[in-house]
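Protein chains: 2
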Amino acid sequence: MIKNQMRMTHQRDIILRELRKSTAHPTADELYERIKKELPRISLATVYRNLEILSTAGLIKKLEISGRRKRFDGELRRHHHVYCLLCHRVDNIDLGQEENFQFLPAEAGGYRITGCRIEFFGICPDCKKKTQGDKKDGL
Amino acid sequence: MIKNQMRMTHQRDIILRELRKSTAHPTADELYERIKKELPRISLATVYRNLEILSTAGLIKKLEISGRRKRFDGELRRHHHVYCLLCHRVDNIDLGQEENFQFLPAEAGGYRITGCRIEFFGICPDCKKKTQGDKKDGL
DNA sequence: CTTAGTGCAAACTGTTTGCAGAGGG
DNA sequence: CCCTCTGCAAACAGTTTGCACTAAG
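If you're matching them up, the sequences are chains A and B in order. First residue of the first sequence: 1372, per our numbering; consecutive thereafter. First residue of the second sequence: 1372, per our numbering; consecutive thereafter.
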C-alpha cells in the first residue's frame, strides 16, 4: 500500500482554508455553495472527493453526527459537539474538566475499543429565541 | 395536534415483535429481509413507514449512529452502543457505574441541552478473530 | 362504514464513479 | 511529460411519497 502523492491543487487548498476558517462543521454542499463564490466552476464531486482525500490524509476530520448529511471539521484536536434538533447546526462544546476523562466501558462485550464519541443535542440559541413564547411540544 | 388512531396491523405487530426479540439494532432492510420470511408480500416502504410511526409513538427508538443506514432498537431503557468499524454491526454496551453519571457540559454555548449520546467504536469479537495474525494498518 | 395502512413504482436526497481532458510537480 | 485531479453526467444507496386498493376498529 504505497502512499501516493497528494497534489495541492487550487480547489483542494481553498476547501481546506474554508474549512479551517470557521467552526461551523459544514456539509459538503454548504462548503460547495461557499466555494463557488470564489471558484464558480468547481463541481460538487470535486468537493466530495477532496473532503474524502483530506480526511484520509488526516488534514481534516469527517464527523459522524446526527442527521443524514456528512459534516467536516478543520479542527483536529479532540473535542465534542452539540447538535441542534431544530435547525441541525452543529457547534463545538466544552466539557470542562471532563474533557480528559477516559470514559471506558466496564464490559466491552469482547470488542477492542478504539474510541468514543460524545454528542449532545438540544436547542441552539437562535432556535430558542425563535420559539420563545411558543409552546413547543415533544422536546 | 390531535393524536390520530394508530391501528395495530399484522405488519406493524410483526415488525415490533421482531425488533423486540433481539439486541441486533437492525436497519430497515435487514428487518425487511427477516420479516419477508414470515410475510412474503410485505413491502420495504411499509417497513420504513412503520418504523417511523412506531418510533414517533415511542414504542421503539430510532438510533443516530455511525454509518449511513438508520438503525432501530426495541429496547427503550437508556443505554449506549458500540459500533464495529469493520462489519458495521452495533451492540449494546455496559457502562457500569458510569451509567447514571450525568455528563453535563460546563459551557453549553447557549444551547438548551436535552440529551447526550455516547458511542464507542472499535473492532467486534468476530472481526478481531478474522484479522488475527494480519497486520491491519490504520486502526 | 370510515379512514389508517398497504404494496407498488416512481421520486428524491446525499454521495460516488467513469470518463476524457486539464494542470501540478 | 506523467499521472493525479478536474468537471460533467450518470449511477448508486437509502429513504420517502403518490396512488388506488385493503383491512382494522
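Possibly wrong hints are sitting among the right ones.
Identical copies look the same in the list; a pair holds intra-copy or inter-copy alike.
[Claimed, not checked] Computed list of lysine-lysine pairs in DSS-like fashion (alpha-carbon distance at most 30 Å, straight line):
| # | residue 1 | residue 2 |
| --- | --- | --- |
| 1 | 1432 | 1499 |
| 2 | 1441 | 1499 |
| 3 | 1392 | 1433 |
Hints are computed from structural coordinates only; laboratory data are not their basis. In this text the structure is predicted, and so the values were computed from the model without any measurement.
Against the structure, the hints come out as follows:
| no. | hint | verdict |
| --- | --- | --- |
| 1 | 1432 to 1499 | both (29 Å within a copy, 25 Å between copies) |
| 2 | 1441 to 1499 | both (25 Å within a copy, 28 Å between copies) |
| 3 | 1392 to 1433 | within (16 Å within a copy, 34 Å between copies) |
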